[in-house]
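Protein sequences appear in the order of chains E and R.
Residue numbers for the first sequence, in my numbering: 1 to 187.
Residue numbers for the second sequence, in my numbering: 1 to 187.
Derived by calculation from the structure, the hints in this document are not laboratory data.
Model, not experiment: these values are computed from the prediction.
Hints are not guaranteed to be accurate.
Treat identical chains as interchangeable: a pair holds within one or across any two.
Simulated pairs of lysine to aspartate or glutamate, EDC-like, Cα-Cα distance not exceeding 20 Å [as the list claims (entries may be wrong)]:
#1 Lys126 - Asp101
#2 Lys13 - Asp24
#3 Lys162 - Asp55
#4 Lys118 - Asp55
#5 Lys126 - Asp103
#6 Lys118 - Asp61
#7 Lys15 - Asp33
#8 Lys162 - Asp61
#9 Lys126 - Asp106
#10 Lys118 - Glu132
Protein chains: 2
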Amino acid sequence: MSFEARKRSMMEKLKYYLDHDEVDEPIIDLIRDINSIPKAFTTSSCSGRVIVLIDRGRKIDSEKYLTFHRYITIEDLKDIPRSNNVWLRVEPFILHLITKDIDTADSILRAARSVGIKRGGMQRIKVGYFIELMGNVNLSVPTSKCIIDEELVGVINTLMRKNFRMLERFHLSIKELIENIQETGNH
Amino acid sequence: MSFEARKRSMMEKLKYYLDHDEVDEPIIDLIRDINSIPKAFTTSSCSGRVIVLIDRGRKIDSEKYLTFHRYITIEDLKDIPRSNNVWLRVEPFILHLITKDIDTADSILRAARSVGIKRGGMQRIKVGYFIELMGNVNLSVPTSKCIIDEELVGVINTLMRKNFRMLERFHLSIKELIENIQETGNH
Numbered sequence: 001m002s003f004e005a006r007k008r009s010m011m012e013k014l015k016y017y018l019d020h021d022e023v024d025e026p027i028i029d030l031i032r033d034i035n036s037i038p039k040a041f042t043t044s045s046c047s048g049r050v051i052v053l054i055d056r057g058r059k060i061d062s063e064k065y066l067t068f069h070r071y072i073t074i075e076d077l078k079d080i081p082r083s084n085n086v087w088l089r090v091e092p093f094i095l096h097l098i099t100k101d102i103d104t105a106d107s108i109l110r111a112a113r114s115v116g117i118k119r120g121g122m123q124r125i126k127v128g129y130f131i132e133l134m135g136n137v138n139l140s141v142p143t144s145k146c147i148i149d150e151e152l153v154g155v156i157n158t159l160m161r162k163n164f165r166m167l168e169r170f171h172l173s174i175k176e177l178i179e180n181i182q183e184t185g186n187h
Numbered sequence: 001m002s003f004e005a006r007k008r009s010m011m012e013k014l015k016y017y018l019d020h021d022e023v024d025e026p027i028i029d030l031i032r033d034i035n036s037i038p039k040a041f042t043t044s045s046c047s048g049r050v051i052v053l054i055d056r057g058r059k060i061d062s063e064k065y066l067t068f069h070r071y072i073t074i075e076d077l078k079d080i081p082r083s084n085n086v087w088l089r090v091e092p093f094i095l096h097l098i099t100k101d102i103d104t105a106d107s108i109l110r111a112a113r114s115v116g117i118k119r120g121g122m123q124r125i126k127v128g129y130f131i132e133l134m135g136n137v138n139l140s141v142p143t144s145k146c147i148i149d150e151e152l153v154g155v156i157n158t159l160m161r162k163n164f165r166m167l168e169r170f171h172l173s174i175k176e177l178i179e180n181i182q183e184t185g186n187h
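Could you put together the complete structure from these sequences and hints?
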């Protein structure tokens with residue numbers, strides 16, 4: 001399948017997910033903008049989340065018990081199971097995208113690094129280059145070993161705020177890249 | 001500076017660090033093997049660790065209070081400061097390397113993915129390609145919100161074991177890549 005055919009098919013899927021409210025709201029505008037770049041498209045994304053996960057060893061067997069793509073309150077965490085296999089996590093945003101050529105991949109990675117996104121890089125694939133970008137906030141602890149109180153909720157929300165701010169800075173940096181592409185006609 | 005000059009200079013630094021026991025023991029053989037690939041060299045590495053970190057906001061101001069590149073006991077964690085700004089973390093192995101060309105970068109990334117290392121990718125730099133590879137175990141919690149007992153030490157050591165096993169599998173996969181390079185004369 002060509003890059004263009006793959007992008008078309010992915011954009012149809014994305015439209016379906018958007019119509020069914022299955023894309024995290026805080027990341028929608030950013031992925032729309034990335035997808036306006038002719039030689040790039042997103043394949044999956046998460047805006048960052050607070051998650052309670054039942055770990056059954058292999059990732060495929062694990063189960064999301066609760067997921068919040070927003071700030072939380074102590075009420076959100078009441079009655080969660082307490083076990084060594086149930087993890088409370090704050091996960092940063094993650095973005096997967098594909099570019100047609102290495103120059104487009106390179107300019108997106110530069111836009112990311114310019115706002116402090118250090119985790120990420122590209123891999124060569126058949127239709128071009130696959131890019132993963134991730135924020136860097138992180139909390140991860142078994143619910144059995146963790147004191148769930150207002151203070152922890154404060155720590156969690158501080159991490160979420162940091163995460164959303166980095167996402168916003170990246171969005172500005174992508175807007176600049178798009179203006180640049182339109183002016184120079186590159187990519 | 002050319003790729004070769006940069007590799008030579010980095011290999012001198014590495015020799016210095018090895019002579020002064022400043023490289024994590026569990027990763028030494030792997031980085032020696034990677035550095036035997038003519039078109040690749042490592043620039044930094046960590047075998048994975050248990051760390052107690054005093055978070056002062058910016059990374060540069062933060063302070064490592066304790067670091068263990070090994071399994072721990074409850075004794076190792078006694079008397080650590082309890083605060084929202086002091087984090088207990090299990091961090092997976094991380095490897096930074098540079099390759100001269102995209103084919104070498106691609107074959108190392110394939111070797112990594114073949115053993116389940118999903119986090120990582122390349123970035124284009126002046127002398128070639130910069131690669132970051134990371135394991136995926138993770139624990140991260142403020143010491144004020146965490147119950148430090150034998151059970152938690154068990155959870156931590158299970159994560160460390162997973163991490164070291166993935167590192168070993170990656171090492172085997174790099175050995176295969178090296179044999180392949182020697183046989184085909186590629187790279």
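### Task
Hints the structure violates: just list their numbers, smallest first.
none
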